[in-house]
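Assemble chain W onto chain C, guided by the hints.
Take a look at the letters that make up each chain.
There are 2 protein chains.
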Amino acid sequence: MRYSRYFVHTLYEVPKEAETPSHILLLRGCFIYPAAAGVYSLLPLGHRVAEKIKNILRAELNAIDGIEVTLPVLNPAELWKATKRYYHIGQELWRIRDRRDREFVLAMTHEEIITDIAKKFLRSYRDLPVMLYQIQTKIRDEARPRAGLLRVREFFMKDGYSFHPDFEDLDAYYPRIYNAYLRIFARCGVTAVPIEADPGIMGGTGSHEFMLESPSGEDRFVVCSQCDYRANMEKATGLKPRRQDPPGTPPPMEKVPTPGIKTIAQLMDFFKISEEHFLKTVAYDADGELVLAVVRGDFNISPTKLANHLKAVRLDLAPEEALAEKRLHGGFLSPVGLEPGTVRVVVDSSVDDGTLYVAGGNQVDVHLKNVLCGRDFHAPEKVDIAEVRDGDTCTACGRGKLTIRKGIELGHTFKLGTKYTAPDAMDVTYLDADGENRPVIMGCYGIGVERLMASAVEQWHDEAGIIWPLTIAPFQIVITTLGKKTDVDQAAEELYRELTSRWEVLYDDRDESPGVKLKDADLLGIPIRVVVSQRGLKQGRLEVKVRRSGEVLFCSREELPALLEKIQADLMPEMDGLPFMPE
Amino acid sequence: MRYSRYFVHTLYEVPKEAETPSHILLLRGCFIYPAAAGVYSLLPLGHRVAEKIKNILRAELNAIDGIEVTLPVLNPAELWKATKRYYHIGQELWRIRDRRDREFVLAMTHEEIITDIAKKFLRSYRDLPVMLYQIQTKIRDEARPRAGLLRVREFFMKDGYSFHPDFEDLDAYYPRIYNAYLRIFARCGVTAVPIEADPGIMGGTGSHEFMLESPSGEDRFVVCSQCDYRANMEKATGLKPRRQDPPGTPPPMEKVPTPGIKTIAQLMDFFKISEEHFLKTVAYDADGELVLAVVRGDFNISPTKLANHLKAVRLDLAPEEALAEKRLHGGFLSPVGLEPGTVRVVVDSSVDDGTLYVAGGNQVDVHLKNVLCGRDFHAPEKVDIAEVRDGDTCTACGRGKLTIRKGIELGHTFKLGTKYTAPDAMDVTYLDADGENRPVIMGCYGIGVERLMASAVEQWHDEAGIIWPLTIAPFQIVITTLGKKTDVDQAAEELYRELTSRWEVLYDDRDESPGVKLKDADLLGIPIRVVVSQRGLKQGRLEVKVRRSGEVLFCSREELPALLEKIQADLMPEMDGLPFMPE
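From first to last, the protein sequence lines are chains C and W.
For the first sequence, position 383 matches number 383 in UniProt numbering, and the numbering has no gaps at all.
For the second sequence, position 329 matches number 329 in UniProt numbering, and the numbering has no gaps at all.
For the record, the hints were derived by calculation from the structure and aren't laboratory data.
A couple of the hints might just be wrong.
Copies of the same chain look alike in the list, so a pair counts if it works inside one copy or between any two.
To be verified - Straight-line alpha carbon distances no greater than 27 Å define the calculated DSS-like cross-link-like pairs of lysine-lysine that follow: (1) Lys-119 to Lys-16; (2) Lys-16 to Lys-485; (3) Lys-538 to Lys-485; (4) Lys-16 to Lys-84; (5) Lys-120 to Lys-369; (6) Lys-120 to Lys-517; (7) Lys-382 to Lys-311; (8) Lys-484 to Lys-84; (9) Lys-519 to Lys-120.
None of the values given here were measured: they were computed from a predicted structure.
The following block holds chain C by itself, in its conformation from the complex:
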């Protein structure tokens, strides 16, 4: 491609709101252009990168028996009502009406549509298993689009859906998609950390996220210092260190007036004890029901864990009125002294039965001292609802320390089970070999194309610009001429013609200064730069620069093809050593 006839217009200024490296560099390099908040056009360079990612996705998914389809953006709302997601998902599900007032949603994922297809066509055990996938436009009315392509309202998603005769078959297939995901990210040059994940609104029985550790990410996940344990914050568990009270008969509970004392700091000061001696009680509204959640004072409640335990679709902090109705008082909440059966109480497993706590008094300006779980209040629902903390001990190995990291979610795999195929959802069954009707078992698997593109930039950039992994670079080679001499142009033209038969070449034939050309080549991040200059011609040599290493090599015209092949081999992603799941 000749630069002068291509569509690249690099920018030196970008909008102030662009803060993450990928946002800034993709705008500056003319890869993308915003149409609205969180809505982008992929300009020619960006389109090329996206196509390369799509082709890697196709190759890896076809290799594990994936079959490509295209499903529509317009989804009839009835299907989403059948699975209840119409009611459970918030405003990010864009609901619209057609000219005849029929309701549609703009699909943010395609479980409903694909399950409807499965219901129509998958009738017999001979039709299973099958994995259908697509790479298609998704629309989500995100509350806060951010960071360029990292969180957007419209994007290409690779979403795949597998259908199985039973859980064993899904379990057998799952490692294949998991490993394909590892290969996909590796082939795109991005270091993905697979972590245990919470299935969230997708529902189901098990899932993994694939994260790129990055300061630009908005997800958090934990990593064990000793073992392979990796999990997202919503799912991660750490060991909760036991507290040890002095031996002897525990003293009885007593009321302590605490006028004007409100914050935890004031309480610690007043009682002269540290955080872990308190019970922290928070009131939630879970699908309309008032729930008190109790953790030890040195922990925080994880709303996701609590919601999962409650199977709640919506979980918010309880409003004042809901507390007043039960004669409870914010700031003095406690699981102690509640009338049995009036309020549901969920207690975190950090609260043990053998140690004394200070708790709220369930009346204004009163706290309770020497509260003993099991004696002064009961905890029929004691489960893990606490957020893991940086430095907690790993539950998996019992030795390592957990560290909390920021990351970008690159992909997500779910074992859905019968969430969408169950009789109370879309009721999809097949006839097994014995003629029995059985529910179809599902898995689903997603990767966002644009986010993967931006993540590659987050991982691979420097001061000067992007450093595209060779596999997804818009062009592999840029030919840059220095000086305007006829012989330079002629040599470059010949080189361009020759190299295009083997490589994707951007030939910078512009009438620009060497400085501008070299700067643009660095900004665009083309992996290999071949410089044709008058001095080089005289010396019979070409200058070859590897963008990633910065290495500069010299060679003759004859040596060039072999050198380029060698550089390519060096730049190809390493597949060995990926943390594959046994298949």
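Chain W alone, transformed into the frame defined by chain C:
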């Protein structure tokens, strides 16, 4: 691909509303599945065909310097307000609001978005010309989705937009896209007739449609029996045969009471004259203004021609109240006797000054006889607003007869000029070589992928099913085994392995009867069928059937590769003889 592990579930029943061959066969062959009225999923076979069409589009457009991009479905409404299309386009433009109540449209085409990009990046004459295109999801809230993929509400469109420094440059580029379109349709195996078209809501200064003549089409176009003239009904003109009155001084106009006489048939009977002796006057509401349109009685008014002449965005029949306001009477309308300046009158060129007509009297139960245009009423706006008629003489050659045909619009090319770049639209200018600001000149070019797929089926099918053109067939070859013997399966397996290195092969390895397999192969329309049977094996020969011709050939295993190449060569579309425009 092994049929048993693929996703093909042919149907013997289809919805009653499926009437056109492509709708029926694409459903029966498991190429598509409806999600809602006019909204389809492309199942694996349909997806494959669409991808082949997309690749042909890409190859031909890249060959004429097209550069691919991806533009978003979500378009901010402001851009569409800037070009006024927000106001001018009816309900087919889907208007939606986001969670912050910002207004968007779901893009049905992308002039606004691409022009916004042009405005940002195309600053200098050195940036021009450039042609950007995409193959991307379009959404239109069609009033009447019909005929499967022929008219839908969501589809892939290839839309391209070219930007030029002046009209001469656009005129020079236009034949290249026109010829690329001819090659695209030919490569897809579809016979496209290029016709002169009306630019319609796209605006602009010249355009062509590419039509497949088909009884399933809903467009009409005219073809000259003698010359190359082809045009759509909205644009077509025929010679309007003159009427000849007897020589002598024309008699004066006179009022004739016509009580109870309303229809044209009654009038002809009453006055004992034929249609062409009447003036037919119809009242329209053109963007709120009352307009009387007058044609000779043997013609009909073309609302599109009238709207174009008036530059009207909306043109409807005038309501009773609008007539009453001007003291006009439906059924007795006439251009005669109107108070000057009160009502705009447009007269068709079929009405000549030298002949006498019967016209309405502009009062109830009265007609006028011996009305002479120029004497009894004036026609300052005499233009062509009549629909062409089957059998009219061609205006282009003056000899041939025009025939009206039904067709499917496959593609459309427009010279847009400055419709979108003008100062009162999006105001896009560039600096020319002399440093002068000049408006950018545009063209735009569209092809619907799914409609092209369906059109191929409309053109290529028989009683037994689809007959895919080889170039867009989901698979080129189907291997069918007859009988369940081990040696048959083994031979087929080997053949499958061998052929897949060169061809796209669907291997029907199902445990089904020969009848079912052969019937499915015909329905799916795979161009070449290779049959492996026990008898064939014994005789050392394979049966090869060409779906299109029905020809059955026999060959040995060794002869097969050469035979397949020969069949392919025979099936490749002919490019010579296409009606190319001189470049």
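_Numbers of the earlier hints that this structure fails to satisfy, in rising order_ = 2, 4, 5, 8
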